[in-house]
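Using the hints provided, position chain B relative to the given structure of chain A.
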Amino acid sequence: MHPDSDHLHVCKVDVGKEVLNIVCGAPNVAKGQKVIVALNGAELPGGVKIKKGMIRGQESNGMICSLSEIGIESKFQSEEDKTGIHVLGNDAKPGEDPIKYMGLDDEVIDFDLTANRGDLLSILGMAYEIGAIYDKKVKDIDLSHKEDDEDINKTFSLDIKTDNCKIFLAKRALNVEIKESPDFIKNRLLASGIRPINNVVDISNYVMLETGQPLHFYDADSLNGKIEVRMAEDDEKLTTLDDIERTLTHDDIVISDGKRAIGLAGVMGGLDTEIEDTTKNVIIEAAIFDSVKVRLTSKKIVRSEASNRFEKGLDSNRTYIAIERACTLLEKYANATISKGTCVYDKTEKEDKKIDITLEKINNLLGSNISLDEVVNIFRRLGFKVEAKGNNIEVLVPRRRIDIDIQEDLIEEVGRIYGVNHIEGKLPVVPTTPGNYDKNLRNLRNKVIALGLNETLSYILVNEKEALKFTKDNFEPIKLLDPMSEDRNTLRYSMIPSLFKIYEYNIAHGNKEVSIFEIGKGFYKHGEEYGEDLKLCILMSGDFYIGINNKKQVDFYILKGIVEEMLDSLGYENRYSFVKPKDIPDEFHPGQTADIIVNGKKYGVMGLLHPEVSENKVFVCEINLSKLLELKTGKMKYKEISKFPNIKKDLSIVVDKNIESLDIAKLIKKTGGSNLTNVEVFDVYEGKGIEEGKRSLAFSLTFGSQDKTLTDDEINPVIEKIIAMTEKEFKAELRK
Amino acid sequence: MKEEIAKIESEAKEALEKVDSTQALNDIKIKYLGKKSELSNLLKEMGKLPKEERPVIGSLVNEVRKKIEEAILEKEKFFAKKDLEEKLEKERIDITLPSTKIKRGSKHPVNRVIEEIEDLFVSMGYTVETGPELETDKFCFELLNLPQGHPARDMQDSFYITDEYLLRTQTSAVQARTMLANEEKSPIRMICPGKTYRREDDATHSHQFTQAEGLVIDKNISLADLKGTLEIFAKKIIGENTKIRFRPSYFPFTEPSYEVDISCFKCGGKGCNICKQTGWIEVLGSGMVHPNVLRMCGYDPDKYSGFAFGLGLERIAMFKYGIPDMRYLYANDVRFLSQFER
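Chains as they are written, first to last, in the numbering used here: chain A, 1 to 736; chain B, 737 to 1078.
For reference, chain A alone in the conformation it holds in the complex:
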């Protein structure tokens, strides 16, 4: 014991060349143990460096290690190893490499496999692949074992009641001796991420890693001499070996002993029939279950090494190899006696797949110039039987290559082994045709950017409540069946919620000047019909012009100006107006909101957000581009400019302040006749000198003619008429 501590030990450790003083805090350290020592200067996984030091006054020259400290995950460790240092066997020699002693000095290569190459989920499959690449032959697996005289078929039977099981093989191993697996099995399982349990369970996993065929072992004495495969009843119950009671449906394949379900095929065994330390006799199952059914069931229960292999597809030739291999290993490492024969249910095809192809087809699709000899050689290296007759190449593909069915699959193999990077790139030789893209959208985007707005890219998924805001349109929000979060469970209808979120983000980050826009989709459902519209959304807040004594906050009229510029640039000049909406969405200011009308129809809305939505002044606009861009526009065309000068006249009238200027301007225009070419409001005034409830509007009238210079004698009567009409229609008075 350490003199100054009740849990530290001061150990004398023989590290081969010398005996070191090492302080150790593990509870299980004891005299005479063979242990793993990290010496001064060693660096352990996780970056810990070992240095000579003093621990509570005692010199320490290294560290006695636990398995965790040398990088073995705790899920692979025994209970004893998890709580203390790892104790090696007595035959370990001081000074030796402990990693080598434990058989862990192995290389592990991780492969990132594509979904179609299920055949590579085994050492055997990998061997064929590497054999093809290096042009080497693959050795056969040792399947040799003895069998007794008692044929399994006399006492055991299969009853396969569903098409979702195409092959089912069963063999019996008697008098197994359950113990720890030999180190090579344990270490290879560990390296593959599988926890060793006991020799029998480990062998089932080991054979799966070797051959790719998952196996399941049952305690033979808990079965009734029978295995049945069928679809589960709805609401049928099964307690799986993780001790959870599962409720099944008619889509789950179950294994039964004729009386009760004893396992979920391809996914997990049942608790009642699992291999325990007391198990004597084992039934080995090697079967192939429907990949889709296994996938659906495993998605509900657990994805495992086995279910993954069923999902990717298996070769039934391998099913026979796997069950024999399991017998070989059970005999060798569990002293089992193997019963004679195999229970066989087999509806699978096992002969090679025949595919005819031509050299021309291969070279045409690859754009290559590979010779016939080379192609034949590639197929041979892959282990395919191949025969070239004239133009035709007949290829026989073994069933293990579940990914190969058609000519193109063979062409891929040729390209792969030949080396795609040896094929020279070229541009397609095709007839010239004009390219094309939607210029309208591009122009619109550039226009709005030129007007000073920053383009955003927002998420279309919003919260359901948000999706209903900023609009009074009639639609049903579209909800996701399986959202990732409540925040994003609904497709937006309006883009305003998306841009308002961006606005809030910017305000939270201290950005007060936010003038943004986006062209994106809004989604709707009317009855059973789904649809989506392209929309333009603008949001503006803060100062728009910033200068010394020259600041200008965004207001309704700046946004209106931007919308007008945009509509003009799309070709809708003189065809739009801004009118007070009949039904203003709750999120908008009732006095500063307008419908955007083009050709007499509503295409959008713009205005100030309601102070209850945002304390800061935030202006937004949304236009349905899908609908707007359906409106045809005239060609851009030159109009004759008059040779005669225009004459401008001002007209100031006082009217009730609720009368909208546009109505008066329309009346003036109508009354003014063809010589009145333009009417514009240039001043608005209310207050001192103007009667309460009224305002003064000053219009600038432009007169002009293509034929002559107009005189006052021609213009004045028109102005008189305009004054009379505004008086009649709007009770307007001339401003004194």
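Incorrect hints may have been included.
[Stated by the list, open to error] With a straight-line cut-off of 20 Å between C-alpha atoms, the simulated PhoX-like cross-links for lysine-lysine are:
1) Lys839(B) to Lys447(A)
2) Lys426(A) to Lys955(B)
3) Lys447(A) to Lys843(B)
4) Lys426(A) to Lys972(B)
Rather than coming from a laboratory, the hints here were simulated on the basis of the structure.
Here the structure is a predicted model, which means the values were calculated and not measured.
Positioned in the frame of chain A, the structure of chain B alone reads:
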């Protein structure tokens, strides 16, 4: 009289020498050249002179008058220049004060990449196609050789709305739409940029992202054509010295299928932290259109072949502009956005 004239001349000369303002100059002008000036009076009094003296005095007066006029004009010019100089001096401003900012907008980096890609492919005769983002199972999966229950459907967990409708997981849906819409079954060259959606969200994946899909269908289209086209893409969009590498892969809608890497734009292939020391960066998936897809979309696979490719545009934007985190693209901080205004 001659003396009088000489006196007027010298007085005027003296007065003009002293004059110090435009106003005073005007007074002098009236005094010596006005209708009531002494010179004018002298001329009026000429009648009183002997006949032979009249022309002499007359010309003398006019001579003096002309001299005074010239002197005044000179003074006027001097004052005008002085006044202008004073005015300009008064109007002097501090040119170093900040400007009045004329707002200049900016284009989102992902859309900049979209436009660049569109321009490149349009220049090679491609058309830009679009399709719905709320797509049906038929176009997103079935017509792309991914029937119900296909394990590859697992690779891309999707946002379903109903059993039939989903947010498209890939712009490849537009492949099928374009082929089916082409009633003459004539050759196709198209590119389709657009938004796509998958059920994933982490540091390198966003549940919403942007892809561009390319499709070429014609007689005798080969893998070499795909390779050459993508080489052009890499050079023009990523950078002139960019190399590409094909790795065999698997996609249900192409056969053969390849993932394509570009040489690392940062280290040029030597290995750095961007390319995880490999020298290569994965940017796109591609392949030769699967005969099942051609057949289902009305093209005879014995006559036509084609290639297709799809790439993630966020990654391209990140490479091009050195953006370290994909989430910046969707945060839309105006300090970020306004950097892309060129």
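Hint-by-hint comparison with the structure:
no.: 1; hint: Lys839(B) to Lys447(A); in the structure: holds (13 Å)
no.: 2; hint: Lys426(A) to Lys955(B); in the structure: holds (15 Å)
no.: 3; hint: Lys447(A) to Lys843(B); in the structure: holds (11 Å)
no.: 4; hint: Lys426(A) to Lys972(B); in the structure: holds (15 Å)
In this structure, every one of the numbered hints holds.
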